[in-house]
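S.K.: Take these sequences, add in the hints, and give me the full structure.
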Amino acid sequence: MKKFFLFAAFAVLFLAQAQAQRFGTRKATISFQSETPMEKIEATNHTVSAVIDSKTGKFQFAVLIKGFQFRKALMQEHFNENYMESSKYPKASFKGQIISDKEPDFFHSGTYDVQAKGQMTIHGVTKEITVPAQIKISKAGATISAQFDVAVADYGIKIPSLVKNKIAKVVTVNVSGTLPKL
Amino acid sequence: MPFAKPSLFVLFVLFFTLHLQAQDDDLLSSLGEEETTTFTNASFKTNRVINLHSLENTAPGVMDFKVSHRFGFVDQGLYDLFGLDNASMRLGFEFGLTDRLAAGFGRASYQKTYDGFVKYKIFRQKTGHQSFPLTVAYVATMAVKTIKLDETQHPQLFSSRLNYTHQLIIGRKFSDALSFQVTPILVHRNMVPVQAIDNDLIYVALAGRVKLTKWISVNAEYIPLVAGAIDPQYKNSLSLGFDIETGGHVFQLHFTNSTSMSDHSIFSETVGDWGKGQVHFGFNISRVFTLWNKKG
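Going down the list, the sequences are from chains D and U.
All residue numbers for the first sequence refer to my numbering, where the first residue is 1 and numbers rise by one.
All residue numbers for the second sequence refer to my numbering, where the first residue is 1001 and numbers rise by one.
Worth flagging that the hints you see were computed from the coordinates, not collected in a lab.
Errors might be hidden in some of the hints.
Claimed, not checked - With a Cα cut of at most 25 angstroms, we get these calculated PhoX-like pairs of lysine-lysine:
1) U:1214 to D:72
2) U:1211 to D:88
3) D:166 to U:1214
4) U:1214 to D:88
5) U:1126 to D:72
6) D:158 to U:1214
7) D:72 to U:1211
8) D:169 to U:1214
9) U:1126 to D:91
Unchecked claim - Partner residues are not named here, just some residues of chain D that face chain U (Cβ under 10 angstroms, in silico):
10) 49
11) 60
12) 64
13) 86
14) 88
Just so you know, these numbers come straight off a predicted model, no measurement behind them.
Note that the Cβ used here is the ideal one computed from N, Cα and C, for glycine as well.
M.R.: Here's what the structure looks like:
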C-alpha cells in the first residue's frame, strides 16, 4: 500500500508540473479588416482559445468561425454561409512553435519579439506560415499580440465577381490576448 | 499482499498514459471542456418561404423593404403576355427588433389591404454546449380590407373588414442545403359571405427549401385546409420558386396559384387551379437596410 501512495504522489506531481508550464485562455481576441474603396468590413471574436507551453515554446490557437461578430447581420450571415462555410469548417486554428533569438522567460517580466511558425488552418485548408508576434510577460500572464495578412484565395475561399469590389483579396488579421498561467 | 502486483501494474499504465496525455500535441485540452453554443442561422434566405412566413426573422436593427408582384394568370396566353399585363402588388416594411422579436406592415393592392404582423421566436435551433433541434416561432397577423363594399348588402362596419391569423412555425435546418417547416395556422375572418361558411379555418402549411448553390435555392410551400367550411371555389395554396441572393438583395421568383399577399387571404382566398394553368408568375424583392448596429 505504501508503494501505491508513492506512485500516486509521483503521478500527481508530474501532472501538476506538466500543467504549470502552460499559459492559456478561452478569451483571446481575433479581429480582421477587409477594406476596399467600396466597403469596409470588420469582425471581431472574443472567444479565441489559446495555449502556449512555456517549456517547449509550442503554441496552439483555435477559433469558432461562428463567433465572429459583424456590425451588419447580413455580412455575418454571408461570411458563415457563403465564404467560410462554417457548418462544414467550424473552426480555424494555428499551431506551431515560437522561434526567437532570445528565448522568452515566462516567469519574469519582459517583452519579446518572436516569430510564430506553424500550420494555419482556415476553411479546411492548411498552410505553413510564419508571423511576427510580441509576447509580454507580466504578473497577469503572457500577453500576446500579432498582426498579419491573409490572402483569402490561399485558403480556397471564393469571392463571386458580383461582390469582388466589396471584399478585399487580402485581409488584415489582429490577434491579442492575455494568457494567464494555467 | 496478493493485490500488490496487479495494482502496481495498473498504476504504471495509468501513470504513463496520464503523463503522455499531458505532453501530447493538443495543448488546448488543458483549457478544459469548451462551453460554446451557436444558434443555427440562415435556414431560409429571407423571412418568407414564398408567400408564407419562414422560420427566419429580420435581424435586430435591420429593416427589410419588400416589393412583391403577382402577375396575371399565365393561362391568359400571349394576348396578356402570359399575365404580365396585369399585376397585383404589395409593399412591405419589416423590422427586426430583438434577436427574437420582429414586426412589420404592408399594403397590398388586392382588395386594398393593409396588413401588420408580429413574430416571436419561442425556441431557436442551436448546437454546442446547449443544443436544441428546432426553431419554434409564433406569428400573429391582422389585415384590414379597405376596398369599398356593396352598401346594400353589408352594414359598413369597420370590424367586418378585419381578418386575423395565428401561426406556429415549427422548423429545422437539417443541413446547409435543406430546411423544412410545418406551420399550423388558425385563420379568423370577422365577416364571411354566408352562414354556411366558417369564420374560423385551420390550415397546416408545409414548406421547405433546397439550396442549389451558395446563392440560389429552390423553395416550395403547400398550405392545405384541414378543418372548416369554405366556398368550394377556393383552392389550397401551392407555390414553387427560386431564391436568388445578390449581396444586400434577395430576389424570389416563383409560380403560385395565390393572388393575394396578405396572410389570411393567401390561405383562404386562393382561386387559381394549377391543373388549369391558373398560376401567377411573381416575385418578391427583399432589400435590407441596417438601421442600427449591433452592440460590440
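S.K.: Are the hints correct? Go through all of them and say.
M.R.: Hints, one by one, checked against the model:
| no. | hint | result |
| --- | --- | --- |
| 1 | U:1214 to D:72 | holds, 19 angstroms |
| 2 | U:1211 to D:88 | holds, 15 angstroms |
| 3 | D:166 to U:1214 | holds, 18 angstroms |
| 4 | U:1214 to D:88 | holds, 13 angstroms |
| 5 | U:1126 to D:72 | holds, 21 angstroms |
| 6 | D:158 to U:1214 | holds, 11 angstroms |
| 7 | D:72 to U:1211 | holds, 23 angstroms |
| 8 | D:169 to U:1214 | holds, 19 angstroms |
| 9 | U:1126 to D:91 | holds, 17 angstroms |
| 10 | 49 | holds, 5 angstroms |
| 11 | 60 | holds, 4 angstroms |
| 12 | 64 | holds, 6 angstroms |
| 13 | 86 | holds, 9 angstroms |
| 14 | 88 | holds, 7 angstroms |
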